[in-house]
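Novice: What follows is the residue order along each chain.
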Amino acid sequence: MGLLKSSVARKVAMALSGLFLVFFLGQHFVINLSSVVDPDTFNSWSHFMGTNGLIQFVLQPILIFGVIFHFVLGFRLELQNNKARAIRYKSYKGQLSSSWASRNMLITGVVILAFLGLHFYDFWVPEIVHKYIESHPADAERYFPELVHKFESPVRVGLYCLAFVLLIFHLWHGFSSAFQSVGFNNKYSRGLKGFTRLYAVLIPLGFVFIALYHHFNQLHH
Amino acid sequence: MKLTLKIWRQKSAQAKGSMQTYPIDGIDGDMSFLEMLDVLNTQLIDRGEEPVVFDHDCREGICGTCSLQINGEPHGPDRLITTCQLHMRKFNDGDTIVIEPFRAKAFPVIKDLMVDRSSFDRIQQAGGYVSVNTSGNTIDANAIPIEKDKADEAFNAAACIGCGACVAACKNASAMLFTAAKVSQFALLPQGRVEATRRVLNMVEQMDKEGFGNCTNTGACEVECPKGISLENIARMNREYLAASLRG
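Residue numbers (my numbering), protein chains in the order written: chain G, 6 to 226; chain Z, 229 to 476.
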C-alpha cells in the first residue's frame, strides 16, 4: 500500500475504483434490460461478453480486482476512522449535518458485498464451471432461459430487490462524492450531482424492475 | 430558566471520566453559553467543589479557543457561531443539556471539557505559512495584482479559526476541512504558489501522523463550521495534493 500511504491518496483510490464499478453497473444494466426488450439480443450480447477473450481474460479480472480493492480499502478506512475516535460521544447528532447514506456506507457496502457473493454463486460460478471446467460446447441460446430460471424463487428475488434498494443509498452518496474526492467541485458540480442522484435511483430500480418482470412473467405462463 | 446539565468530568488526561448531572436555576436567556457555565462554576466553588474546566478566550467568536459538543453538535444547535456566541435563549426552561469535550484521538482531553488541539498547530507548522525574505528588500504584498475572486476565496478559507468543530462533527474525526482551508488560503494567492508543492504534501503527511480519520465527504464539517468553510476547499486540497504528488 505504498502508493496509498496518505489519506488523500486513499480517498482518490476509493473514488476511482468506485467510478469504475459505477460504469460497469451501467453497462450490466443495459445488457440486462435487453432481456426484457428482446431475448435474442440478450443472448447475443451475453454470448459476446462470455466468449470474447479481451472481456473474459483482461476486463473480467480487472473488474474482480476492482470489487475486492474497493471493499478491502473501504473496510481498512473504516477501521482507521473508528480508531480516530476511541471514546464515542454520549450524544451525537450526525443526522442534523449529514445524510444517512453518507454515514452508513459500510453497512450498505457490506450488504452489496453479500449480494455479490450470492450473485457469483448464482451466475458467475456456474458460468465458469460450464465453460472452462465441464467444457460444454458454446451455446448462444442458453443465457436467457438461465436468467429467467434464476428469477423463479421469490426468496432470491426478494434478496435481489433488497440489495438493490441498499445500492441506491450507496450510490446516492458514493457517486457524487467520488467527484469531490478527485478534486472536481466547481460550477458544474450541481448539475453533475443531479445526474449522479438520478443514476443512483434509476439504475438500481431498473435492476429491480427486470427481476420482478421475469419473476411475475413466469407466474403467468 | 431552570436547566439540567449533564457534563463530562475528567480529573486529568490519564483519569477515566464520566458524565455528571448538575441542576441549575436562574439562567437568563440573554446569557451566553459560557456565562451560564460561569454561573455554574461560581456555584460549584461556593459549595467547595471543583469548577468545570473549559476552553475560552476572546468570547466574541474570533479566536477559536472555545469548543464543546453541546447536545450532540459542536458549538451547539445554532449555525455559523462559536459556543461563546451561543445564547441561552436557544434553550427552553426545563431542558437537559448534554455537554461533552470535542472527541478525537488527536484531541486528547486535558481536563473535563478542555482538549489539547496542538495537533492543529503542528499541521500548520508543517507548511501553513509563506516564507518571506526579511533582509530589507521585502516586496509589499499589495504590489502583486490578485483577481478579486481569488482574493475573496483565499480570504474565506483564511476565516478558519482552527477551533476543531470540523473534527468534532465528522463521524470519522477527520481534519480535512481545517487542513484544506489552511492549504487553500495560500494556494489561491501568487505568494503561496512558491511553496505549494511541499506545503500540501507536508501538511497532509502531518495530518495523517496526528491520527485524524479519513474524510468520507459526509459534509458534516461544512454544516457545523462556525465560519462556513466550504467543502470546495477539500476538493482544492485534493487537486493540489494530486498535482504535487505528480510534480514530486
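Hints in this document: simulated from the structure, not taken from any laboratory. We put the beta carbon where it would ideally sit given N, CA and C, even for glycine. Hints may be right or wrong, so weigh each one.
DSSO-like cross-link-like pairs, simulated, lysine-lysine; straight-line CA separation at most 30 Å [what the hints assert, rightly or not]:
(1) 98(G) <-> 318(Z)
(2) 10(G) <-> 399(Z)
(3) 376(Z) <-> 192(G)
(4) 239(Z) <-> 339(Z)
(5) 399(Z) <-> 198(G)
Where chain Z lies over chain G, by a calculated footprint (3+ residues, C-beta under 8 Å) [as the list claims (entries may be wrong)]:
(6) 63-70
(7) 101-107
(8) 179-187
The calculated label-pair distances, taken between Cβ atoms and stated as ranges, are [stated by the list, open to error]:
(9) 323(Z) <-> 109(G): 45 to 53 Å
(10) 197(G) <-> 241(Z): 58 to 66 Å
(11) 323(Z) <-> 41(G): 37 to 45 Å
Novice: All hints, please: hold or fail.
Specialist: Each hint, compared with the structure:
1. 98(G) <-> 318(Z): 17 Å, holds
2. 10(G) <-> 399(Z): 21 Å, holds
3. 376(Z) <-> 192(G): Within the cut-off at roughly 18 Å; holds.
4. 239(Z) <-> 339(Z): With a Cα-Cα distance of about 6 Å, the restraint between residue 239(Z) and residue 339(Z) holds, given a limit of 30 Å.
5. 399(Z) <-> 198(G): 22 Å, holds
6. 63-70: violated (count 0)
7. 101-107: With 5 residues closer than 8 Å to chain Z, the region 101-107 of chain G meets the three-residue bar; holds.
8. 179-187: With 4 residues closer than 8 Å to chain Z, the region 179-187 of chain G meets the three-residue bar; holds.
9. 323(Z) <-> 109(G): 45 to 53 Å: 29 Å, violated
10. 197(G) <-> 241(Z): 58 to 66 Å: Hint violated: Cβ distance 46 Å, outside 58 to 66 Å.
11. 323(Z) <-> 41(G): 37 to 45 Å: 56 Å, violated
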